[in-house]
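Chains as they are written, first to last, in our numbering: chain A, 66 to 342; chain B, 42 to 539.
Simulated from the structure, these hints should not be mistaken for lab results. As the structure is a computational prediction, the values presented were derived from the model and not from experiment. A couple of the hints might just be wrong.
[What the hints assert, rightly or not] Below, a list of computed lysine-lysine pairs in the DSSO-like style, where the Cα atoms sit at most 27 Å apart: (1) B:267 - B:218; (2) B:54 - A:106; (3) B:144 - B:181; (4) A:229 - A:199; (5) B:219 - B:76; (6) A:238 - A:207; (7) A:299 - B:485; (8) B:278 - B:267; (9) B:485 - B:219; (10) B:488 - A:299; (11) A:106 - B:96; (12) A:186 - A:238; (13) B:208 - A:68; (14) A:207 - A:229; (15) B:54 - B:67; (16) B:278 - A:106; (17) B:85 - B:182; (18) B:219 - B:208; (19) A:238 - A:216; (20) B:320 - A:323; (21) B:271 - A:299; (22) A:186 - A:92; (23) B:182 - B:80; (24) A:92 - B:300; (25) A:229 - A:216; (26) A:199 - A:234; (27) B:320 - B:300; (28) A:234 - A:207; (29) B:96 - B:85; (30) B:96 - B:271; (31) A:106 - B:267; (32) A:92 - B:320; (33) B:485 - A:92; (34) B:80 - B:219; (35) B:278 - A:68.
What follows is each chain in one-letter form.
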Amino acid sequence: MPKILTRERLAPNLHLLEVLAPEVARKCRPGQFFIVMPDEKGERIPLSIADWDVERGSVTAVFLVVGTTTRKLAALRAGDELAVFVGPLGRPSEIGAFGTVILVAGCFGIGALWPTARALKAAGNRVVALIDAKTADLAYWKDRYRAACDKVAFSSRDHALGAKEFVPKPLEKLLEAEAPVARVIAVGCTYLMYASAQATRPLGVKTIVSMNPIMVDGTGMCGACRCTAEGRTKFACVDGPDFDGHQVDWDELFMRRKSYFDDEIRSLCRYEETELP
Amino acid sequence: MAEDKKELAPELKERLRVEFEQGWRKELRKSSPAKERMKGTRQKMPERPADERNKDFREVNIGLTAEMAQAEAQRCLDCANPQCVLGCPVSIDIPSFVKLIEKGEFLAAAWKLKETNCLPAICGRVCPQETQCEELCTVKKASGVPVAIGNLERFASDFERLSGSLKIPPLPPPTGKKAAIIGAGPAGLTVAGDLAKLGHQVTIFEALHEAGGVLIYGIPEFRLPKAILKAEVDYLKRLGVEVRTSFVVGLTATIDDLKSEGYEAFFIGSGAGLPNFMKIPGENLVGVYSANEYLTRVNLMRAYDFPAYDTPVFRARTAAVVGGGNVAMDSVRTAKRLGAERAIIVYRRSRVEMPARIEEIHHAEEEGIELQLLTTPIRYIGDANGRLVAMECQKMGLGEPDASGRRRPVPVEGSEYTIEVDLAVCAIGQSPNPLIPQTTPGLKMGKWGNVEVDWATMATNLPGVYAGGDIVRGGATVILAMGDARIAAEQIDKHLRR
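Same shape as in the complex, but just chain A (with noise of 0.2 Å):
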């Protein structure tokens, strides 16, 4: 069973999860996830993959402690073993020189976005991110994208960021400041990407988001993840993640999300009373 790495706090109730999992490294491609459970009686849920080590043999994510689940993977230590992870899941995204990328990374995005940023910036792109915290303390990774990055703003509440507004006002301005803009690329929680797309629309920039809704098999059998996209039906496991956002039915999206709230608070109050080390 893969073992993982590292698991570490990034963020308040964000984590960084490692796996050593080697043929998964070598397949990575940015915008794809894995899907991981963390012990026998556990659920199968996607994580976006923030990054990869193919000589370490190793795939990384980011994610934010919401339900049973994650907060499983967040009591994990190195050295402990996954039940199931299976991966590169999902299309990549599209890599090309577009000219300036704008990209909204919140929360896991701002992992998530990671080896786009990268990849973007490799292919002649003038790169921009535009990274969402709520407060200082949630933007982990900050080096990494000043170092790769053309520019690096903020979407904040919180002054030590050098910002207090959030998305939609901040990605705006970058919007006038550094037209044109050939594409957004937005991943972080539903609303975060809801805002950019919405933000967007007016002006016709091209906005891509990282469908998240709930997953079970991630290869396409299912159907759980079912989306409107394009005013079609589609499976966000094998014919996403990526969806251009203006063609997004976010109410459905938010919708479905909702599913098994009610039981995602009762298996979370089962494991808190049982099993919460």
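Here the structure of chain A is known, so what remains is to put chain B in place on it, guided by the hints.
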């Protein structure tokens, strides 16, 4: 298609004749004349009471006792030209194993089965024998009631497993040749078993975290206990088969990557893992599932034991399952077991056209499942939170037969009505999973996204690459997949020894 065979192949005929003429068989035939044998009545499979079993996931059928099995085996006339074998996609020597049961040599019967079928405990449970071996049984032609071949298969293989006398056949010296099997479903497991018995080094690559394919994610515990599947997979492992789970061929490594690791032959058995939807309004409401998702949550992820297991599934007051096949029956009986007060099959044709096994429909009705036939959903209706609350249906009439030979359903204008439901499962079929085709350059595809093969050899257009089961057929049965697998295994063996 390959299964349209009218006569037994000459080698098989010869093999059956040699067995037929063995001394003990002759004596056994003489011991009781056909007239006597025809007097016996078919032993009824003991099953748990409907009102008890529809509340849990334990197996419905209990299995024949030894006495019952022997009495049933006596009904077999041991025909010189056994038609039953013709009906079996994997050509099991049915008379031999049945007569071994009659003689009381149950272990020998199980081993006889395993000569041609690595998964008899599974086939004995899930095969549609009534349309295959039992359909062609001579006793059926004479008296209307065939020998219960499927129940006997189950009996012999269960006897072997419970006896602890699992026999590993003598394996030939390793050939040193490596074969990669993609997908640990019925087709892949069969190819793996056959090739391992021929001395090849076999690795099965499985995307999910447990082996079995549809046998683990699809078919519920109450029809195929996981322990049975596990025992059959363990048997393959003891034959030397390596099973690598959580490995998605096409993404974790492509067929070309595996070639560079020394695999010389490939079998694609990746199944019909792409659920079909009806494309009607409201299908993405919360509470509408594909059968694949619903059954995967309950079976593979053990959602029936939530919250002890972390994966949830909706528990409905009224569940509607759309479709009339075995998957629909499995889904609706699952919904009942998860506490639904009403669990309804909604099917657009009439009972005679239902593709499900008669036994499954019968079991479902005993368990309190309602059938709303000649009915199709036209719209799902949600509340303000996007949760399913009702489905609008339309009555259907039957028109002229279509290409499948079944009468075509025709909507009856003005017949629309609404049923309150809080769970709907769409079980109208699956299409071949596109992952392998998308990631294997040059692989020739058919028009339904299926992999194209030469039916005589199951070879694809790529050298050394074979395919079988639902990736080729687009949604058939376990045993047809296994039949494809047997043909493919024979050809892969030839390819590896070329």
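Hints, verified against the model:
With a CA separation close to 31 Å, the supplied pair residue 267 of chain B and residue 218 of chain B exceeds the 27 Å bound. Taking the CA atoms of residue 54 of chain B and residue 106 of chain A, the gap is near 50 Å; set against the 27 Å cutoff, the hint is violated. Proximity of residue 144 of chain B to residue 181 of chain B is assessed by CA-CA distance (about 22 Å); at most 27 Å being required, the pair is judged to hold. The straight-line distance between the Cα atoms of residue 229 of chain A and residue 199 of chain A is roughly 9 Å, inside the 27 Å bound, and the hint therefore holds.
In summary, the hint linking residue 219 of chain B to residue 76 of chain B is not supported, as the alpha carbons are separated by about 53 Å, beyond the 27 Å threshold. Between residue 238 of chain A and residue 207 of chain A the alpha-carbon distance is near 20 Å, which keeps this suggested pair within the 27 Å criterion. Taken as a hint, the residue 299 of chain A and residue 485 of chain B pair is honoured in the structure, with Cα atoms around 24 Å apart against an allowance of 27 Å. Between the alpha carbons of residue 278 of chain B and residue 267 of chain B the distance comes to roughly 16 Å, so the proposed pair stays at or under 27 Å and holds.
A threshold of 27 Å between alpha carbons decides the hint, and for residue 485 of chain B with residue 219 of chain B the separation of about 24 Å falls inside it, so the pair holds. Of the pairs offered as hints, the one joining residue 488 of chain B and residue 299 of chain A holds, with about 20 Å between alpha carbons and a cut-off of 27 Å not exceeded. Of the supplied pair hints, the one linking residue 106 of chain A and residue 96 of chain B holds, its CA atoms being roughly 22 Å apart against a limit of 27 Å. Distance check on the hinted pair: residue 186 of chain A and residue 238 of chain A sit about 22 Å apart at the alpha-carbon level, within 27 Å; holds.
With a C-alpha separation of about 36 Å, the suggested pairing of residue 208 of chain B with residue 68 of chain A is violated against the 27 Å cut-off. For the suggested pair residue 207 of chain A and residue 229 of chain A, the alpha carbons sit about 17 Å apart, so the restraint of at most 27 Å is met. For the hint pairing residue 54 of chain B with residue 67 of chain B, the CA-to-CA distance comes to about 17 Å; that is within 27 Å, so the pair holds. Distance hint between residue 278 of chain B and residue 106 of chain A is fulfilled; the C-alpha atoms sit about 24 Å from each other, no more than 27 Å.
Distance hint between residue 85 of chain B and residue 182 of chain B is fulfilled; the C-alpha atoms sit about 19 Å from each other, no more than 27 Å. At roughly 24 Å between alpha-carbon atoms, residue 219 of chain B and residue 208 of chain B fall within 27 Å of each other, so this suggested pair holds. Taking the CA atoms of residue 238 of chain A and residue 216 of chain A, the gap is about 14 Å. The hint holds against a cut of 27 Å. Restraint check for residue 320 of chain B and residue 323 of chain A: the C-alpha separation of about 22 Å stays at or below 27 Å, so the hint holds.
This hinted pair does not check out: residue 271 of chain B and residue 299 of chain A have alpha carbons roughly 34 Å apart, beyond 27 Å. At roughly 20 Å between alpha-carbon atoms, residue 186 of chain A and residue 92 of chain A fall within 27 Å of each other, so this suggested pair holds. Restraint check for residue 182 of chain B and residue 80 of chain B: satisfied, since their Cα atoms lie roughly 14 Å apart, inside the 27 Å limit. For the hint pairing residue 92 of chain A with residue 300 of chain B, the CA-to-CA distance comes to about 16 Å; that is within 27 Å, so the pair holds.
A distance of roughly 18 Å separates the Cα atoms of residue 229 of chain A and residue 216 of chain A; the hinted pair therefore holds under the 27 Å criterion. For the suggested pair residue 199 of chain A and residue 234 of chain A, the alpha carbons sit about 14 Å apart, so the restraint of at most 27 Å is met. At most 27 Å may separate the alpha-carbon atoms for a hinted pair to count; residue 320 of chain B and residue 300 of chain B exceed this at roughly 40 Å. Restraint check for residue 234 of chain A and residue 207 of chain A: satisfied, since their Cα atoms lie roughly 21 Å apart, inside the 27 Å limit.
Distance hint between residue 96 of chain B and residue 85 of chain B is fulfilled; the C-alpha atoms sit about 23 Å from each other, no more than 27 Å. For the hint linking residue 96 of chain B to residue 271 of chain B, the alpha-carbon distance of about 24 Å falls within 27 Å, and the restraint holds. Proximity of residue 106 of chain A to residue 267 of chain B is assessed by CA-CA distance (about 15 Å); at most 27 Å being required, the pair is judged to hold. At most 27 Å may separate the alpha-carbon atoms for a hinted pair to count; residue 92 of chain A and residue 320 of chain B exceed this at roughly 34 Å.
Note on residue 485 of chain B and residue 92 of chain A: the hinted pairing holds, with a Cα-Cα distance of about 25 Å set against a maximum of 27 Å. The suggested pairing of residue 80 of chain B with residue 219 of chain B is violated, with an alpha-carbon distance near 52 Å, which exceeds 27 Å. The hinted pair formed by residue 278 of chain B and residue 68 of chain A meets the criterion: a straight-line CA distance of about 24 Å does not exceed 27 Å.
Checked against the numbered hints given earlier, the structure breaks hints 1, 2, 5, 13, 21, 27, 32, 34 and satisfies all the rest.
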